[in-house]
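Engineer: Read top to bottom, the protein sequences are chains Y and S.
In terms of our numbering, the first sequence opens at residue 2 and continues consecutively.
In terms of our numbering, the second sequence opens at residue 191 and continues consecutively.
Hints are computed from structural coordinates only; laboratory data are not their basis.
What you were told as hints is all true, and nothing was included just to trick you.
Dumping the calculated DSBU-like pairs for lysine-lysine here, alpha-carbon to alpha-carbon at most 35 Å:
(1) S:K395 x S:K271
(2) S:K383 x S:K271
(3) Y:K391 x S:K383
(4) Y:K391 x S:K284
(5) S:K383 x Y:K397
(6) S:K339 x S:K395
(7) Y:K397 x Y:K530
(8) S:K369 x S:K271
(9) S:K369 x S:K383
(10) S:K395 x S:K346
(11) S:K383 x S:K339
(12) S:K395 x Y:K397
(13) S:K309 x S:K395
(14) Y:K391 x S:K395
(15) Y:K397 x S:K369
(16) Y:K530 x Y:K560
(17) Y:K560 x Y:K506
(18) Y:K397 x S:K284
(19) Y:K530 x Y:K391
(20) S:K271 x Y:K397
(21) Y:K378 x Y:K441
(22) S:K346 x S:K369
(23) Y:K506 x Y:K530
Computed spacing ranges between beta-carbons, pair by pair:
(24) Y:D180 x S:A329: 55 to 63 Å
(25) Y:R371 x S:S241: 42 to 50 Å
(26) Y:W14 x S:I218: 22 to 30 Å
(27) S:L237 x Y:G178: 37 to 45 Å
(28) S:A329 x Y:A63: 44 to 52 Å
Just so we're clear, the structure is a prediction, and the values are computed from it rather than from any experiment.
Glycine included, each C-beta is placed from N, C-alpha and C at the ideal position.
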Amino acid sequence: MPSSDALTRFADWFDSRTGYRAARATLRERLLPQGPRWMYATGACSLGLFIVVAATGLLLMANYSPASDHGWSSVFLIESTPGGAFVRGLHYYASHALVILFAIHLARAILTASYRAPRELAWIAGVLLLPLLAGAAVTGNPLSASNKSLGQIEIESHIAGNMPVVGSIARGVLVGGNDVGNLTMTRLYTLHVAILPMLAGLLLVFHIYQQLRWGTVTSPTISAGAVPATQMPETRLVATYGRETEPHVYRPDQSARNALVFGVVFGAVAFLAWRYGAPLDAPADPTLEEMPRPEWYFRSLFELRSYFSGDAEFVATGLLPVLFLVFLAALPWLDRRLPRFASHVFRYAVVILAASGWAALTAISFARDREDPMYQKYVVEAAERADRAKLLASMKSVPTEGPAALLRNDPLTQGPMLFARHCANCHPHLDADGNGIAAKTPAAPNLYGFASRDWIAGLLDPERIAGPDYYEHTAFIKEGTSGGMIDYVRDELFAVEDDALDERKAEVHKIVLALSAEAMLPGQAAADKQDAAAIAEGRELIARDMLSDEAMGCAGCHKFGEAGSLGAGPDLTGYGTRNWLAEFVSNPSHERFYGENNDGMPAFLPAEQGSSQNMLSHADLLLIVDWLRGDWPRR
Amino acid sequence: MAGPAFEVGSRQILLTGIGPMQRRSFLIWFSRTVYTACAATVAAPMLRFLSAPLVSNTASGGPILRRIATLDSLPTGTPQKLAVIGTRADGWTKHPDQVVGHVWVTRTSPPSAPADSAKVSVFNAACPHSGCPIQHAVANYVCPCHGAKFNDDGTKVTADGYTNPSPRGMDLLDHRLVKDDATGQWWVEVEYKEYEVGIADRVEKA
Numbered sequence: 002m003p004s005s006d007a008l009t010r011f012a013d014w015f016d017s018r019t020g021y022r023a024a025r026a027t028l029r030e031r032l033l034p035q036g037p038r039w040m041y042a043t044g045a046c047s048l049g050l051f052i053v054v055a056a057t058g059l060l061l062m063a064n065y066s067p068a069s070d071h072g073w074s075s076v077f078l079i080e081s082t083p084g085g086a087f088v089r090g091l092h093y094y095a096s097h098a099l100v101i102l103f104a105i106h107l108a109r110a111i112l113t114a115s116y117r118a119p120r121e122l123a124w125i126a127g128v129l130l131l132p133l134l135a136g137a138a139v140t141g142n143p144l145s146a147s148n149k150s151l152g153q154i155e156i157e158s159h160i161a162g163n164m165p166v167v168g169s170i171a172r173g174v175l176v177g178g179n180d181v182g183n184l185t186m187t188r189l190y191t192l193h194v195a196i197l198p199m200l201a202g203l204l205l206v207f208h209i210y211q212q213l214r215w216g217t218v219t220s221p222t223i224s225a226g227a228v229p230a231t232q233m234p235e236t237r238l239v240a241t242y243g244r245e246t247e248p249h250v251y252r253p254d255q256s257a258r259n260a261l262v263f264g265v266v267f268g269a270v271a272f273l274a275w276r277y278g279a280p281l282d283a284p285a286d287p288t289l290e291e292m293p294r295p296e297w298y299f300r301s302l303f304e305l306r307s308y309f310s311g312d313a314e315f316v317a318t319g320l321l322p323v324l325f326l327v328f329l330a331a332l333p334w335l336d337r338r339l340p341r342f343a344s345h346v347f348r349y350a351v352v353i354l355a356a357s358g359w360a361a362l363t364a365i366s367f368a369r370d371r372e373d374p375m376y377q378k379y380v381v382e383a384a385e386r387a388d389r390a391k392l393l394a395s396m397k398s399v400p401t402e403g404p405a406a407l408l409r410n411d412p413l414t415q416g417p418m419l420f421a422r423h424c425a426n427c428h429p430h431l432d433a434d435g436n437g438i439a440a441k442t443p444a445a446p447n448l449y450g451f452a453s454r455d456w457i458a459g460l461l462d463p464e465r466i467a468g469p470d471y472y473e474h475t476a477f478i479k480e481g482t483s484g485g486m487i488d489y490v491r492d493e494l495f496a497v498e499d500d501a502l503d504e505r506k507a508e509v510h511k512i513v514l515a516l517s518a519e520a521m522l523p524g525q526a527a528a529d530k531q532d533a534a535a536i537a538e539g540r541e542l543i544a545r546d547m548l549s550d551e552a553m554g555c556a557g558c559h560k561f562g563e564a565g566s567l568g569a570g571p572d573l574t575g576y577g578t579r580n581w582l583a584e585f586v587s588n589p590s591h592e593r594f595y596g597e598n599n600d601g602m603p604a605f606l607p608a609e610q611g612s613s614q615n616m617l618s619h620a621d622l623l624l625i626v627d628w629l630r631g632d633w634p635r636r
Numbered sequence: 191m192a193g194p195a196f197e198v199g200s201r202q203i204l205l206t207g208i209g210p211m212q213r214r215s216f217l218i219w220f221s222r223t224v225y226t227a228c229a230a231t232v233a234a235p236m237l238r239f240l241s242a243p244l245v246s247n248t249a250s251g252g253p254i255l256r257r258i259a260t261l262d263s264l265p266t267g268t269p270q271k272l273a274v275i276g277t278r279a280d281g282w283t284k285h286p287d288q289v290v291g292h293v294w295v296t297r298t299s300p301p302s303a304p305a306d307s308a309k310v311s312v313f314n315a316a317c318p319h320s321g322c323p324i325q326h327a328v329a330n331y332v333c334p335c336h337g338a339k340f341n342d343d344g345t346k347v348t349a350d351g352y353t354n355p356s357p358r359g360m361d362l363l364d365h366r367l368v369k370d371d372a373t374g375q376w377w378v379e380v381e382y383k384e385y386e387v388g389i390a391d392r393v394e395k396a
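Just chain Y, same shape as in the assembly (with noise of 0.2 Å):
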């Protein structure tokens, strides 16, 4: 441990070297000709909120990989990795608080016209900062290859594609390409991480410098000679607003008011980043249905360019925000031609316009898509599939061939699709309240629980068997040619007499459980292994030809196991599992089924793969075989 009066040779011989504590003595005793001032915490605050986000986006690169398929698996393992997730947070709120706090600070240098000469550069540097700041935004949101940024890219590319003349070359070198790929992420990332926050800093320390060099010069000091008066012909720089304060020394007064802006910001900004973090939507995937929007700060924009069509848009996505920033760059020329209070009224005018304008044209894209209910059902969509899909990676990590495979091979994100798509049209999947895929002309049971017990429950209930959810609208209840199975249920199976009920009811609750038993539903499987003594028992009466009271037993129609025999009904051995139901859909006319009693379920795998006569791949079927018997991955 060095004493402290090594300490201070040290200090003394660095100081020798460098200057450092004149510079810092710059620094802290400038004088504020108008006092210490709240307002002028936001430059402090902006610039402290830069060096957040740098040094967050700086941790972020070391485990972050620039590639459409690693994009989004790399950004998860960041959100997985203890303390990713609030750097992560950190990166994506500081950012937002960025374009707030940046905001604010170009207003009040408008408000207080603190764009004057000898300050004009200054200001110009700030106003640059702008499209850089709009820059880094849209090349950031990207980065993380889900499905919502990659739309959002996709995009915004055809925005600068749209440009004219320059629009084709713009976008192909933003993009690498024709495509949305690997190189647009890689050129994408070199722009947010290296020529994006290059070119802001460049600009950043001139902005700082010029407002070392200017900030401190007051109307005497110019006229007493300090600038030649002759190069300053407005010497009014900033607007007092009537309130006379004596030259101030910065610190503390300045330093504490900035710090404790900056330390409720950022405090802000900690707490969402802890509490929420940064949203992480599902991995990019084409074949998942996308309505992307901009970030807010966008919104105005996207609502203006709606009012706009053809090849006009580009006055909404090019020209009006191009002319608004040579507008603002122009201010200290614009202004100095006005008298004192027409320039004041023409300086509030411009910020309230300006930020009405912003909020009315970002309020109403918002109320625009609150209203609109498909929109509504995909934010929830692609909320539900966001969380799914990091529920699978954190379950089994992300498979090779990338992370889109995550859903695409997850039976409760693609079965819904899948069903609907070429099931849906005969068979309806509705739970008891009616919530689910109704069918488009219904004409086959509805498969919601297929294979449960209460599925078969209803099934061999007399009062159900002809209902809406199993043979209602068949072509054997509505040709009236009603297979055996509804006669047997309706007319025999319960058939008894009286006093004879109550067994044959047990019976059949046993021949229930025994069947849902046979399907091996993982859902099912706690209570499968707690009834299996009266599983036992059902299997032994589905064995048999006959029931008690001398009634006809199921394998007198259908095969299970070694009793009975093919060709009545269908197989009830291994009813209702993985393999069952898949041979079951690829050809139900199979002699194991239906054979010729088949009513019109078609064969959507009957032939190899490959084949034109499936309608269905494999890999398609076994999603929907698993989506109907609940089998996927849970928590």
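Assemble chain S onto chain Y, guided by the hints.
Structural biologist: Only chain S this time, still in chain Y's reference frame:
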């Protein structure tokens, strides 16, 4: 200089009884505390994040038990370099059926010895000096990177005028001979492990 007050908006919080110098040092202390707290809030998770690979054990899936060759395929006395296939966890992806390392396998018992009492030696092919893949020359094992030499029993070669750069002999791996139930063939099953390099002690990699 301003009086002993701290302005918040239009309200003044009076620090009564405090002189201008105390007020000044309080404000300086306050600024420093705020910035230090903010910096710590950023730095702490960043350090935790950077150091996460040191504490989490996601990369290694424990020892890999693999059948690497049939006994019949091994000639007596001639080392064979064989690949070990396993699942390689690489950051966010798990690659199944990847080459995770190599071993040198030698059948040391004569071909006439019955299979259940056959002798085999298995070494990790990574050099204990710096992790290079060891080769086998006519007389002994040689590492092509820095010239470490090992005898066929895995011990370091010592000779006058030769300094062996390896801190220890080659890493012997546990293995057993198992009979495949279906084919009746005998297999060499290796418990593949990796060890830290550059140190005299044999320490398994985390």
